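The residues making up each chain are set out below.
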Amino acid sequence: MRFARLAALLTLAVLAAAAPVAAQDTLVIGQGADIITLDPTQATQIHNLNLFYNVFDALVTWDPKDLGKIVPELALSWRSVNPTTWQFKLRQNVKFHNGEPFNAEAVKFTVERLITKGVHQVYGGFSTIDHVEVVDPYTVNVVTTKPDPILVKRFAGYGGQMLPPQYIKQVDWKAFAQKPVGTGPYRFVEWVKDDRVVLEANPDSWRPAPKIKKVIWKPIPDTFARVAALTRGEAQLITKVIPDHVAQIEKAGCCRVEHTLTNLVTVYLINAKTGPLANTKVRQALNYAVDKDKIIKELYSGYAIPIGSGIPNTDFGYNPAIKPYPYDPARAKKLLAEAGYAGGVDVDIQSGNGIHLNDKQLTEAIGLMFQAVGVRAKVGVLEPAQRGQLLRSNTFPGLLLADPASTTYDTDGVLWRLRGPGGIVHSIWPGNAEGTRFYQLMEEARYSLDSAKRLKNYHEAAQIYHDEAVELFLFQGELIDAARKELVYKARGDQRILVYDISFR
Amino acid sequence: MREYLVSKLAHTAIVVLCVLTLVFVVLHLTGDPVMMMLPSNASQEEIQALTVALGLDQPLPVQYARFLGRIARGDLGVSLQHQQSAMGLVLERLPASMLLALTALAISIVIAVPLGLVAAARRGTAIDHVAVGLAALGQSAPIFWTGLMLMLVFAVTLKLLPTTGYGTWRQLVMPALTLAAYPTAAIARLVRAGMLEVLEADYVRTARAKGLQERRVILKHALKNAALPVVTLIGLQFGLLLGGAIVCEMIFAWPGVGRLLIFAINNRDFPLVEAAVFVIAMVFVVANLLVDLCYGWLDPRINVRS
Numbered sequence: 017m018r019f020a021r022l023a024a025l026l027t028l029a030v031l032a033a034a035a036p037v038a039a040q041d042t043l044v045i046g047q048g049a050d051i052i053t054l055d056p057t058q059a060t061q062i063h064n065l066n067l068f069y070n071v072f073d074a075l076v077t078w079d080p081k082d083l084g085k086i087v088p089e090l091a092l093s094w095r096s097v098n099p100t101t102w103q104f105k106l107r108q109n110v111k112f113h114n115g116e117p118f119n120a121e122a123v124k125f126t127v128e129r130l131i132t133k134g135v136h137q138v139y140g141g142f143s144t145i146d147h148v149e150v151v152d153p154y155t156v157n158v159v160t161t162k163p164d165p166i167l168v169k170r171f172a173g174y175g176g177q178m179l180p181p182q183y184i185k186q187v188d189w190k191a192f193a194q195k196p197v198g199t200g201p202y203r204f205v206e207w208v209k210d211d212r213v214v215l216e217a218n219p220d221s222w223r224p225a226p227k228i229k230k231v232i233w234k235p236i237p238d239t240f241a242r243v244a245a246l247t248r249g250e251a252q253l254i255t256k257v258i259p260d261h262v263a264q265i266e267k268a269g270c271c272r273v274e275h276t277l278t279n280l281v282t283v284y285l286i287n288a289k290t291g292p293l294a295n296t297k298v299r300q301a302l303n304y305a306v307d308k309d310k311i312i313k314e315l316y317s318g319y320a321i322p323i324g325s326g327i328p329n330t331d332f333g334y335n336p337a338i339k340p341y342p343y344d345p346a347r348a349k350k351l352l353a354e355a356g357y358a359g360g361v362d363v364d365i366q367s368g369n370g371i372h373l374n375d376k377q378l379t380e381a382i383g384l385m386f387q388a389v390g391v392r393a394k395v396g397v398l399e400p401a402q403r404g405q406l407l408r409s410n411t412f413p414g415l416l417l418a419d420p421a422s423t424t425y426d427t428d429g430v431l432w433r434l435r436g437p438g439g440i441v442h443s444i445w446p447g448n449a450e451g452t453r454f455y456q457l458m459e460e461a462r463y464s465l466d467s468a469k470r471l472k473n474y475h476e477a478a479q480i481y482h483d484e485a486v487e488l489f490l491f492q493g494e495l496i497d498a499a500r501k502e503l504v505y506k507a508r509g510d511q512r513i514l515v516y517d518i519s520f521r
Numbered sequence: 014m015r016e017y018l019v020s021k022l023a024h025t026a027i028v029v030l031c032v033l034t035l036v037f038v039v040l041h042l043t044g045d046p047v048m049m050m051l052p053s054n055a056s057q058e059e060i061q062a063l064t065v066a067l068g069l070d071q072p073l074p075v076q077y078a079r080f081l082g083r084i085a086r087g088d089l090g091v092s093l094q095h096q097q098s099a100m101g102l103v104l105e106r107l108p109a110s111m112l113l114a115l116t117a118l119a120i121s122i123v124i125a126v127p128l129g130l131v132a133a134a135r136r137g138t139a140i141d142h143v144a145v146g147l148a149a150l151g152q153s154a155p156i157f158w159t160g161l162m163l164m165l166v167f168a169v170t171l172k173l174l175p176t177t178g179y180g181t182w183r184q185l186v187m188p189a190l191t192l193a194a195y196p197t198a199a200i201a202r203l204v205r206a207g208m209l210e211v212l213e214a215d216y217v218r219t220a221r222a223k224g225l226q227e228r229r230v231i232l233k234h235a236l237k238n239a240a241l242p243v244v245t246l247i248g249l250q251f252g253l254l255l256g257g258a259i260v261c262e263m264i265f266a267w268p269g270v271g272r273l274l275i276f277a278i279n280n281r282d283f284p285l286v287e288a289a290v291f292v293i294a295m296v297f298v299v300a301n302l303l304v305d306l307c308y309g310w311l312d313p314r315i316n317v318r319s
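Residue numbers (this note's numbering), protein chains in the order written: chain H, 17 to 521; chain F, 14 to 319.
Next up, chain F with everything else stripped away, as it sits in the complex (with noise of 0.2 angstroms):
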């Protein structure tokens, strides 16, 4: 188990510093933090100023081999626009996307599971066209849409929720259902895919002729040998919940992860990018090492240890 935990870590080192690197260097040759920050009547001899203050007029590969330097003592720097440590600055917002997203998740699990099953089990019916129907409208939606519907709708019409904002429950409701949208018809399209093929399977067509009731043939026999994919795509999902709720907190104003970053992109703030992006890709690793870590209970072939 440790070895296996090593070897994940340092996979995962490997990959982080590639993807940061790709970050760096997109971002350097595409945009230019100085004119972002000074207003748009600058100076030359401004711009020239600032930009040697903030280390940029350096060559590409000299700026590279410092910010190695500081990613090897484990710094990320300050945040170009912000002049605050860039790493504070994301974890600050973490707390808040950590809610938005796991909220998603939570509806959609809760949702999109029994949606699935009963569609896998009502194979053909009027039920199955409408889940159906449902997970297609679900992953077809675009989020903005979703999003303005749902406050169209629950806060200027019926005035029954808050518009924007982050700090009670009622804020958190439109954000988290227009989030869980897309994962709920994507976990129910995987679940009862994955349950139709099971219900196929030699072990069940036994299970059923030993006479057990069919609810129990689902839940117990059918389920956890379906369960394998869906796992792997909740991991994934909570991942992409995480980063890429930018649009959902556009709209409703959600002090997440998603909305510093694409102010971090827009103003080319490096260290800013840098940061999000690391703390987003080690939520998707811890994810996707825990979703590795449920394989071995969900199925005892699958050993992690070697």
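One chain only, chain H, in its complex shape (with noise of 0.2 angstroms):
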């Protein structure tokens, strides 16, 4: 007995010694998935971007005090030479991690890359984009095929980030996708997959050298896992916190809850294409049968705000005008009696199964929230890759969900690129079709540099989706991350984690 308790004593004193110690000038991030590259041209995921944010600069990023607004990175000012050009003049003594220098060639290398269909995923962002002129080595000219008043924004987003030609040209872009260099305040130490990334300060950053010298991500897929992780100590900051597990945080006591409003809305696009949701009255009727209110209480703990159209109060063209639809039973059963389905209707209404955050949860609340009022609704849950081949096609029937963001804080991006000719669902919804007149404002809008008339646009033609209720309007959600009490952190609404604003008590 007596030997037995001493090796149980034995045990835990072995245990306890070899428990790990972090250091306070590393940090351990606990993200939910690994990255699949280090490319910033080859993946779009905010778990991805946020190492491209740390090893790379942009021309250009956002305030964090007033997201949307631009400020200097790697381009010290910028303007507007011509309708169809912007020049950018470059800031001067930047080297990349292997020694390399940022100048014009640079920039024009990147951009070129970005405007290359078909080889990488961010595309989209730069597809105005005509062609680069290098000026002088630290001006540019970046032409647009025709005028784009968010031409210098795009360069903030994802895709932004600036390459050193010469190390792709030596190494190949594979090689380059395992070992980057950038220009960013951390640079790459190593990569085990499913495992851990680590950077560590750039020591020759043209920014003050930072207070966190080495940063370790990690991949920590189950939730639960995760806020485990951070209340051990094991990491310091962790993202992707879901509502239910925010209690446990604070009653932990070493850690606090970040979180702030994203500009991610959260809809169900509607195919109104055919059938009964070519209604106006029934889409109308859809918003008054949902009580949104609750739905953010009971299923995200009031981590998100009701909207009323499908531009976030974060993006350029938002109008605060426009008021969510009210919860009103009795008024979603008198719309759908006037559309001529007083004795009920049938919809399908599908979400993934924990693609978003609770979706099917949300899409279950939903569905007997329109039995209340007379809708039959057939619930279904899909797969992501099945999600995306619906989407696709422009072919899922009645409501999915979604959420759509800007990636340039505008309402171009998180409407007319979808909804736009091309877009992804350009032909869910008549409404849109050229000659209309939201058509109309959305292209003029596109192609204006006057910012007062683009507004002016926005506002017109948020009122439009509102009245014509083109989608179910849910709720722009906040994103909640968890750190220990000893960090100074705080959440972006961007979503971006920039070690370099973070420190230690």
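Watch out, some of these pointers could steer you wrong.
So these bits of chain H aren't anywhere near chain F, every CB distance computed over 10 angstroms [unchecked claim]: (1) Thr60; (2) Glu116; (3) His147.
What follows is a list of derived Cβ distance ranges for each label pair [claimed, not checked]: (4) Asn369/H <-> Val19/F: 41 to 51 angstroms; (5) Glu58/F <-> Glu206/H: 15 to 25 angstroms; (6) Glu206/H <-> Leu115/F: 48 to 58 angstroms; (7) Asp141/F <-> Gln387/H: 51 to 61 angstroms; (8) Ile315/F <-> Val214/H: 45 to 55 angstroms; (9) Lys394/H <-> Glu58/F: 43 to 53 angstroms.
Hint data in this document are derived by calculation from the structure and do not stem from the laboratory. These figures come from a predicted structure and were not determined experimentally. Don't be surprised by glycine CBs; every beta carbon is placed ideally from N, CA and C.
Can you join these two chains into the complex? Each is in its own frame, and there are hints to help.
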């Protein structure tokens, strides 16, 4: 017995001694998945983008205090020379991590990669660009095919990271994607697949030295395991916390939750080509039938705000005069009766299961709310790739959950890139066809350099979008991260984790 | 022996080709990898351009013919998402999967065989009831539940083990125990059942009649004869442990093949799924081959040569 107790004590001591202690200049970040590449043109998911934002710099970036406003990064200034030409003046004495200089040739190389179709994933963000001209080693002109009011903003979004031409020519794209060099505040150390990516402070950065010297990005897919890693102190920052875990984190005493509104809007796209959903009154009825406040409170613990159109309050063109559809089941029933569906109507409503936060539960809850007003909801769950196929072919029946967002904080991105000519869901609602008022407003704004006119157009377009109930408008969501109390960190609305701005108390 | 191996390998090649074909058809018909690669607001033009670049605009039979051509050259292609050799990605994760599967299997055998033996030898006693109860629990508890409970107790509450990750023996403990629960139960039940049957046999009665010690009767005469189905089960379990550790790998952030496979399936990363399925199938086959060879040793009446 005594021996057993001694053995147990010894085991405990060994285990405790072996427990890792992180130094206070090393930050471990737990994300939901591993990255797939370190080439900034080959991924667009936020957990992957976060690596790019720390290893690379773009020409411009978002002002953390006022997202949607751009501030200098590798470009010090920019101006519109003529309606189709934007000129950038570049920061001097900047070096890539391999010592290669950053200059106008690097910008030209990067942009030429961005506008090559079919070889990477970020072409869409830069498709308005025709070519680049090097004016002098630190001045470049970016020439667009038509006037592009948001050209500069495009460089702040994904794909805008400046690439090292000599290094890539030397090692090829595949090797670059495994072992990148950028100009960013952190340089690449190692990537152990599905286990960790390690970065260290770049000693030759054009910025002052960062406080965090080493960053370890750990993919921890399970939400509970991520929280456990945080409360144990194995990670100091975790992303994608689900609302159900907030109380547990706060109770632990060691940690806090960091949350902020994002520009992601959660809506159900409606296939309004034919059938009952082609009738505006039916779509309006669906919007009145859903109790958004209850959904936000029960399913998302209050971490969202209801919306009345598909445009979030963070984006240029947001119309504050448009209010969310109120919850009014009586009105929903009346509208259905007026549309000729007093006896009820059949509607498909589908989502993924785990693609968006609480998606299956959300769809089931809305299905029940629909039943209450006489809409016979056929609830379905789709696999991610299946969902993608239905979306692409514009053939999904009824309603489909989506969370569009603009990478440029502009109505064009969140709305017209999806529904405009060639957009992914360009043919699910006849109201966006050429010749309609909506089409005219959106196209004019897309190619106008007059901000006041663009704003006016978007306000009117948003009103049409709301009145026509083009989507089932739900909410603009918050992101929830959690951090150790000793970490000085604030969640950003653009979901980026910029380690340069983080420190330990 | 050589003939036996050759015919076994030929069989294997046919089976693996059938499996890969099935995977090819099912995946291609049920989802679009291009949509999983591009951002959600990609334009139809971008989607089309990438579809053409990947050769996915070709009719399915043409894609299948190309696929067969690649297989014939021993090339499983490049992962659509990772843009690296699919086989390379799988092989990179194989050591982690093998370590986890072998550890789990070792734990299972070490616990299950004595448990099954004791339960059979003490049939109807309290020990037997406890063993059978434990086995039922092990087989019915879902992996995600077992895993999260272990994490809650040993990592969060007692703070004895790290929550997740890979690289040290402490990180191996919980995933291996979680994964071992099911095979432990299955093997223990089979050992018990097999022993009960064998203990009724004439030669056991003869051995007892000779006055041999009960321990010797069980370990020397009964166990070897009851081992045949158990060895088969262990072989099968190994294949399952390797490919079926998906949930366990997700919970404990274990960088194994299962986690890679589920990612590949969700993203319709055809070459990556094919490569992972191929490797898992091969491990299955090799495990079964070893089981077959064991038969000859366990029961000389079975001749693998014929």
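Status of each hint after checking the structure:
Some Cβ of chain F comes within 10 angstroms of the Cβ of Thr60/H; the nearest lies about 4 angstroms off, and the non-interface call is violated. Under the 10 angstroms C-beta cut-off, the non-interface status given to Glu116/H relative to chain F holds; the minimum distance is some 23 angstroms. A cut-off of 10 angstroms between C-beta atoms confirms that His147/H is not in contact with chain F; the least separation is 19 angstroms. Under the hint 41 to 51 angstroms, the C-beta atoms of Asn369/H and Val19/F, about 46 angstroms apart, fit the expected range.
For Glu58/F and Glu206/H, the Cβ-Cβ distance of about 38 angstroms falls outside the hinted range of 15 to 25 angstroms, so the restraint is violated. Checking the proposed 48 to 58 angstroms range against Glu206/H and Leu115/F shows it is violated: the Cβ atoms sit about 26 angstroms from each other. The beta-carbon spacing between Asp141/F and Gln387/H, approximately 52 angstroms, falls within the hinted interval of 51 to 61 angstroms. Hint check: Ile315/F to Val214/H, Cβ distance near 53 angstroms, so the stated range 45 to 55 angstroms holds.
Separation of Lys394/H from Glu58/F is about 33 angstroms and departs from the stated range, judged on CB atoms against 43 to 53 angstroms.
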